[in-house]
Amino acid sequence: MKSRFKIYFFVATVFLLASCKKSFLTDNPYTAVTLPNAILSESDMVVALNGMYASLRNTDLFGRTLPVKGDVMADNAYVTTANSGRYLTLNQYNFNNADAYAAAIWANAYVSIKYANTIINNTTVPASANVAQYKGEALAVRALMHFELCRNFGTAYTIDPTKPGVPIVTTYNQNALPARNTIKDVYAQVITDLTAAYNQMTLYRGTGYFSKYAARALQARVYQNMGDWTDAQTAALDVINNSGWVLLSGTAYVNPTGSLGSGPSSSTYNPGGYWAGNAQSSTKNETLFEVISDPVNNNGFDQIGMIYLQLGGGYGDILGLQSLYNLYSPTDVRIGLTPNAGAGYRSGQTGTNTILCYKYSNASTLGFNYQTKVIRLADIILIAAESYYNAGDYTNANKYLNMVAQKRDLSFAGWSDTGPQVLADILVERQKELAYEGSRFWDLVRLQKSWTKITNPAVATTISVAPGNIGLVFPIPVTELAANPNMVQNPGY
Amino acid sequence: MQQIQPYLCQSCFKILLTLHSSKTKNIEIMRKFLTLLMCLSLVVGQVWAQNRTIKGKVTDDKGNAIPQASVLVKGTTIGTTTAGDGSFSISVPATAKSLVISSLNFGSQEVALAGKTSVSVSLTSTTTNLDEVVVVGYGTQKKGEATSSLTKVGGEKVEQVPLTSVDQILQGKVAGLQSATFSGQPGANQQIRIRGVGSYTLSSQPLYVLDGVQINSGDLSRLTTTTNVLAQLNPDDIESVSVLKDAAATAVYGARGSNGVIIITTKQGKAGKTQFKVNTEVGNNTHGPLPSAGVPLGATDWLNLFKESYINAGNSAAAAATAAANYGDGTVNTNWTNLVTRVGTQQQYNVSAQGGDDKTTFFISGGYFKQQANVIGSDLTRYSSTINITHKASKKLSFSLGLRPTYSNENAPLSNGSAFSNPVMEIYFLRPTMAAFNPDGSLNTSRTAAQFSSLYNPLYIVAHDIHSADIFSINGKAEVKYNILNNLTFTSTAGLQYQDLEEYYYNNTVMGDGYAANGRGYSYYTRYFLWDLTNQLDYRANLTKNKDLTFNATVGYEAIQSRGYFISAQSNNFPTPSLVYSTTASTPITASNSGSDYNFAAVYSRANFSYKGKYILSGSFRRDGSSRFSPAHQYGNFPAISGAWNISKENFFSGVKFISDAKIRASYGVTGNAELGNYQWIQTYGFGANYNGSPGGIFNGIGNTNLQWESGKQTDIGTDLSFLKGRLNLTFDYYKRKIDQLIFAFPLSQTVGFSTITANVGSMQNSGLEFTINATPIKTRNFTWDLGFNISFNKNQVTGLPPGQTSVLNGQFNLAVGHDFYEFYMRQWAGVDPATGNPLWYVDATKSSTTTNYNAAARVFTGKSASPKEFGGFNNTFTYKQISLGFDFYYNYGNYVQDTWATYLNDEVSPTYGKYSSALNRWTTPGQITNTPKLVYNSTNFSTSASTRFLFRGDFIRLRNIQLTYAASKSLVKKLKLTSLSFYARGSNLWTKIYDNTIPFDPEQNINSQSNLNFFINKAVTAGIVVGF
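Chains A and B, in that order, give the protein sequences. Just so you know, we're using our numbering here: the first sequence kicks off at 1 and counts up by one. Just so you know, we're using our numbering here: the second sequence kicks off at 494 and counts up by one.
Errors might be hidden in some of the hints.
As the list claims (entries may be wrong) - Just a few of them, taken from the derived set where beta-carbon distance is under 10 Å, the chain B residues facing chain A:
{"hint": "1", "residue": "Ser-946"}
{"hint": "2", "residue": "Gly-1007"}
{"hint": "3", "residue": "Ala-1009"}
{"hint": "4", "residue": "Tyr-1091"}
{"hint": "5", "residue": "Gly-1118"}
{"hint": "6", "residue": "Ser-1119"}
{"hint": "7", "residue": "Ser-1120"}
{"hint": "8", "residue": "Pro-1124"}
{"hint": "9", "residue": "Phe-1180"}
{"hint": "10", "residue": "Asn-1185"}
{"hint": "11", "residue": "Gly-1186"}
{"hint": "12", "residue": "Thr-1405"}
{"hint": "13", "residue": "Tyr-1430"}
{"hint": "14", "residue": "Asn-1431"}
{"hint": "15", "residue": "Phe-1435"}
{"hint": "16", "residue": "Ser-1438"}
Honestly, the hints are just simulated from the structure, not real lab data. By construction, the Cβ of each residue, glycine as well, lies at the ideal position given by its N, Cα and C atoms.
Hey, can you work out the whole structure from these sequences and the hints?
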């Protein structure tokens, strides 16, 4: 009797001692918030915006690959002989459907779109002017990413806008298996988003964030790519006249000090002027929108400056072409951004001049926290010039052309041609102004130009690029095709 | 007490009682008193007449005393136990004919008593006897009663090898257990698979239970290339390792038992005179020779091939000469292999003391272990200690306490992959024309094109970078056992595991990853604290009076919590190379901390019916819950059932003399794999995506509100046979392991903004055979030959994929129904076109046509797998008098290994890197048949991209361990006043046979057989002394 009681007592004790509260099995993460509680106030929305902008800084978006592609795949730059293995497929026009750069751009662009949609579709924060501003910024970023996706993975609008573009994503749906929307539809969505953004943004928070006129400037670029010159002109002039942004003149823009030395290790070169700055600007000079890297939050060795920087642990894999360098007149201050270091300056690169890029670094600082300029006023002014050209108004075309040209070369008499030569002048001025900013490739593509891609001036091989070359359009990543039965690949892959 | 006495006593007492009764008259008193006297004298007389004292000593077959051995008079309950020195003294009745002497793990022996007053008995160890006790989940079991598939590896096997951790030692010792040593880094993690690959995305490692605690295992470091929690445990302190393989054994571990369970028990001490043991061992480590196909080119060859490829690219010979001259002229010919590898030393010193009496036993040890790898800059130093004490406070109450503090320091350069500061990577990638030293003898740090423009001088890196991890760990256990009744015991256990890793990583300012930043320093602090509480009741009963049907039951409750805490700091820009701590640096880059926890709570139970030891039925059940599971599936049920039939105990079997034991067993059970991320099911919004100095937040955790454990259902049928009284033992198992609800990061359309979602959608199965033989073919007075052989066959097959998917790309593998998880899915190499020297691939699986366009060749299922078809071990020990010689072989056949870095090291796709010697076989003249295409500078024909060209046969046999021991003679030992003295020499990995002569590296790579420029496997030769006193 006693022993049985003992048994019951002990069994009871065991289970009493043993039972834990149900909350014992509930653990909350230390560094994350559950999604429904993520954006509840305006300051939460600012935090969400910061996260969205940070995603644009990804090395394979504006962090490095998008700007680099625009120059390396055009006639501005090439990958040197001794290299770290980066961007070889772009340099050689040699893609297969698993190309890492194409896949990274595709995936990361849609991640940024997801972050933008989280903000745009938020319903928990009550409306206010600030919220309208923030949602406007998100709309602009969503537009920017759809635009970049569409022109990277689809053919140029100017060839045929009914061809497949990319899927438009405006809400989060984890089961979505979308088909490709037509290029026309994607651009329509982009314009809608930018218009809405323009209408609801009222604040200017600095060049690292979208603002009313940055959205309008982007819209001008979109119209330019569409070949819609009337709208391009309206948008560009709106920015030029009303935004309050100004160009810098002469040495305020570039003012080099130091020397390149006999080799990278003895370089003390600093481009000076506007381009030496590596912090976000609140003044309205030159740049309407840029993606910020700060000393703590940056891509480290994968920062854009490092792919151009010859000394100090930079990869220095990408150099400019002699043909680009030859465009500048000796009095053009912009030549200070792309100096010629002479032959043999870069190890392993034999027999050619070494044309460097100093837009993203200088000799005294590591290229970790230089910004990627996404939209600059100079670009918009040149769009205005091109729109006037397409309207047959050569006078105004030259006027706007010289607005840029004469600020950069103070002793330049000015462009004054007429007829088709004006377009050639505009393209040359664009090439000189926007070198190494990822713009040149798109100018060539949208105008359906043919050119010779020099893979390496030291070696004889070149590639003739003409419209229809499959390398002009990235392959849809094979992983997307495998996961999404509604997706259709681009021809040739 | 003798049987006859109680009766007499009762009568005597009755008489005494009546004497006291007041009703008795005097005469009657006298009569009764006399009767009492007679009774007493009878009793005493009986005692004097019937008992005699037998003294004796019980030893084992080596002459060592066996304390606590049971000495019983046969046919009675009269008995005693031996003292610490093995001696006993027992009073036996005259009718006693013999004594039965037995001890745990030694079986029993009968000794005739006729005419003797002293006996000495020698018992032999029953390592293969079915009475042997094995540790199972939450208890112990006699091998004869076992219904599950498990293997025990005893402590003496674990003391015999100069390896850092016990999981390395298990290779080849357990059928069905594949243990891959992929790195020679001391203290490296070891990959173990029991009965095949268990999961796509979760860990396939087994659960480790150390002294009852389900520990956090594996590599817990965050900066160091590889560390291993088990490397903190001195193998010398291990009593036994039980490997639980089938569901009957592992279902009691519920949601964590699917991949098998390895139970490690440390030495608890043996009662008896305190025994000391001192062990000293020193030796050398080198690496085996590189297979000839993998030897890098020398300078002259490298330059010649460079020039040849340059000319083949369409340039003139003069241009080729100029280009090659940039790199060197052949006067500098550096053998990087020799510079980067070295002869490392190794030493260990272990001291232990164990002893006690029938109330208290203890085991205390201390150990020092230091091993230098065969690659510069890499070593492990370990100080470890174990204290285990058990005390019996009373007949009912006993408690034990165990504490194991360990400190170790591991220096480990980035030791895998293409990190530029991986010294092994540098052996292959650096050009032989680069000089390691300047003419004045200092290290070359030049960054010109000919020198280290993009790669690093590994000698400088090792000398000036710091990669070190200090690991401090404590494992502890406190246990209280209370015998409520004779057959009901309550045990309460509290165990803990504390692991503290302090990792420091410094890149110097002159050369290497720190150059651009003027020095980079990282300090990471990682702390894991885990506690494991169990409360358990064990019950034993005889269900029938004649004890034919016995019943054992266990029921318990367990709660586990693990808390991880992490601090990370990085800063750049150091003012001087002599100060390397981050406080001196000027630019802080990272300063962050975070944590990660998980909890488990479970109720478990086990029951076992045994009829006459012939028919045994067992069952277990565990209900497991975890914080890792989504609330929709918070708890899971994990039952198992198994049975065994000891045929040898049947009457019809008694005639079969040569089979001494035969058992058939079968089991079926459900287990799980719960190694999900701690917060994986939660849809989260994360922070840290900062922008312009301000905090940023992003929706980056896709989560899954239906997420649960992966489930494994395993069937096992096996037999254990013992022939010729244990001279030959066979164990055979057939198993089928079905794994469902496989968590699978199944690909989404990336337009969603996530690439994958984790969901329980797949299924897979492993089935196979395991066969183990242990035998003693020769046993004479002076010479014994023991051998052990095991072989395992496993077939893995994917059986279910997420809906809508016919295949899922997994790097070089492709998961598809009907195919092996690790079947290579690649383009098929078709050799080199003899006419042009161009590379060729087969267009498709039919192999009917070839193409020179890599993109036009399809990836196909090659039928070649990274998992071996058969593997196992073959162990022999020869003992002649005092000398014993043991060999352990490990063999592995049927898998293929991929060279993942082939892209850079073959042909001239990357002309500025070093090359394998196989490049000398390149095509040069039309009509030449060779497997290496024409070398073309900077070629873009993808000739070195992934294809079956770089799949090599992974077959090998390795002499894992060879040991020669000389035990000093008994007289010498006595003279020196010791209890034992032996000298030994050991070698590990001394000989390997590789079957594919084109493979450029050792075929033992990761479990997925993809090379990763890991440190070379260690060849060690050591010698040592063991002294016992």
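**Prompt:** Quick check: which numbered hints come out false for this structure?
**Reply:** none
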